[in-house]
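Engineer: Sequence:
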Amino acid sequence: DSYPNIYEDNGKWQHHDYQAEVSDLHLAEFFFPEDIAYGTPGNEVSFTLAAYNNQLKVSTAKDAVAYSNLFVVDKAMNTYHITIKRGNTSVFTYNFDDQRKYTAHVDVNSEEMERCIQELRTKKRNIYSLGVIENKFELSMANLYVHEDFMFFIFDLKNKSYIDYDIEFVKCFQRDQKKSKNAIQQETTIEPIYQKDFDTKIKGKSRNRLILGFDKFTIPDDKVFEIEIYERNGGRHIKLAVLNEYILSAEPLYKPQP
3 DSYPNIYEDN GKWQHHDYQA EVSDLHLAEF FFPEDIAYGT PGNEVSFTLA AYNNQLKVST
63 AKDAVAYSNL FVVDKAMNTY HITIKRGNTS VFTYNFDDQR KYTAHVDVNS EEMERCIQEL
123 RTKKRNIYSL GVIENKFELS MANLYVHEDF MFFIFDLKNK SYIDYDIEFV KCFQRDQKKS
183 KNAIQQETTI EPIYQKDFDT KIKGKSRNRL ILGFDKFTIP DDKVFEIEIY ERNGGRHIKL
243 AVLNEYILSA EPLYKPQP
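The sequence shown begins at 3 in my numbering and counts up by one.
Calculated directly from the structure, the hints in this document are not laboratory data.
What you are looking at is a predicted structure, and each value in this text was computed from that prediction instead of being measured.
There could be a bad hint or two in this list.
Cross-link-like lysine-lysine pairs, in silico, PhoX-like; alpha carbons within 20 Å at most [as the list claims (entries may be wrong)]:
(1) 126 to 160
(2) 218 to 257
(3) 77 to 59
(4) 205 to 162
(5) 241 to 173
(6) 180 to 225
(7) 241 to 180
(8) 207 to 162
(9) 241 to 203
(10) 225 to 125
(11) 173 to 160
(12) 203 to 138
(13) 162 to 203
Computed spacing ranges between beta-carbons, pair by pair [what the hints assert, rightly or not]:
(14) 54 to 188: 18 to 28 Å
(15) 54 to 21: 17 to 27 Å
(16) 206 to 46: 49 to 59 Å
(17) 239 to 26: 35 to 45 Å
Every residue gets a Cβ at the ideal spot worked out from N, C-alpha and C, and that includes glycine.
Sequences are here, hints too, so could you generate the full structure?
Structural biologist: Given below as structure tokens:
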């Protein structure tokens with residue numbers, strides 16, 4: 003076939019027309035029956051798209067045109083034409099198939115994510131072998147769970163001194179596990195998509211728990227997942243490396259049904 007990108011419909015595929023209102027105050031999310039193969043906005047300056055499985059996120063520029071359109075093709079080769087209007091809508095999510103039980107990406111502010119967090123709060127610590135204590139401050143991993151496309155890392159923080167610990171920032175990386183004396187450290191930032199139960203001030207002789215949610219991932223055996231916590235106006239910086247064997251041992255957040 004000299005034209006592999008040309009297909010004939012033969013009545014197998016469906017076309018759908020929809021309307022939606024978007025705002026520059028928030029992301030609009032569109033969920034489709036099938037995973038997305040292709041998507042493009044009519045005005046690329048006004049609207050930016052990001053696709054994840056069957057979810058399409060639309061960002062609207064502050065000076066976006068009043069009307070435009072989106073064109074989407076799913077992996078079943080069905081097409082969608084969405085007329086979009088810029089306004090002050092309070093609608094954030096459009097679901098074009100209510101029959102699909104599983105949406106590929108759960109919004110971090112959704113009820114489903116909140117149920118995950120509530121379930122995490124019922125869990126007792128089950129990891130006791132991974133932690134570090136420096137300058138009377140302890141960082142240890144308490145739990146690691148997986149749920150569909152998400153992983154949840156739970157860290158316990160303990161301030162063993164009487165001096166309050168003010169957190170400047172928390173960062174996570176994938177880094178080389180070992181490096182030679184003259185080798186350049188290779189690292190990739192891993193951004194959490196959800197952060198909960200976290201107070202940036204840990205008072206003296208107190209503790210706190212940090213829950214970080216990520217899109218699920220694994221790492222090569224010669225790499226480590228590393229979390230770093232930096233103290234504001236202080237020197238008690240601390241980091242903890244997590245080997246891939248811990249990640250592969252993540253437990254299901256919900257017990258499997260028999």
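Engineer: Take the hints in turn and mark each one as holding or not.
Structural biologist: Quick rundown of the hints versus the structure:
1. 126 to 160: OK: residue 126 and residue 160 at ~17 Å, within 20 Å.
2. 218 to 257: With a Cα-Cα distance of about 18 Å, the restraint between residue 218 and residue 257 holds, given a limit of 20 Å.
3. 77 to 59: Satisfied, since the Cα-Cα distance of roughly 17 Å is no more than 20 Å.
4. 205 to 162: holds (9 Å)
5. 241 to 173: Status holds; Cα separation ~9 Å.
6. 180 to 225: Holds, because 8 Å separates the two Cα atoms, which is no more than 20 Å.
7. 241 to 180: Given pair residue 241, residue 180 holds - Cα atoms ~16 Å apart, limit 20 Å.
8. 207 to 162: Judged against 20 Å, a Cα distance of about 5 Å means the pair holds.
9. 241 to 203: Distance ~17 Å between residue 241 and residue 203 Cα, so the pair holds.
10. 225 to 125: Violated, at roughly 28 Å.
11. 173 to 160: holds (18 Å)
12. 203 to 138: With Cα atoms ~15 Å apart, residue 203 and residue 138 stay inside 20 Å; holds.
13. 162 to 203: Given pair residue 162, residue 203 holds - Cα atoms ~14 Å apart, limit 20 Å.
14. 54 to 188: 18 to 28 Å: holds (26 Å)
15. 54 to 21: 17 to 27 Å: holds (23 Å)
16. 206 to 46: 49 to 59 Å: Once the Cβ atoms are compared, 53 Å apart, the range 49 to 59 Å for residue 46 and residue 206 holds.
17. 239 to 26: 35 to 45 Å: Once the Cβ atoms are compared, 38 Å apart, the range 35 to 45 Å for residue 26 and residue 239 holds.
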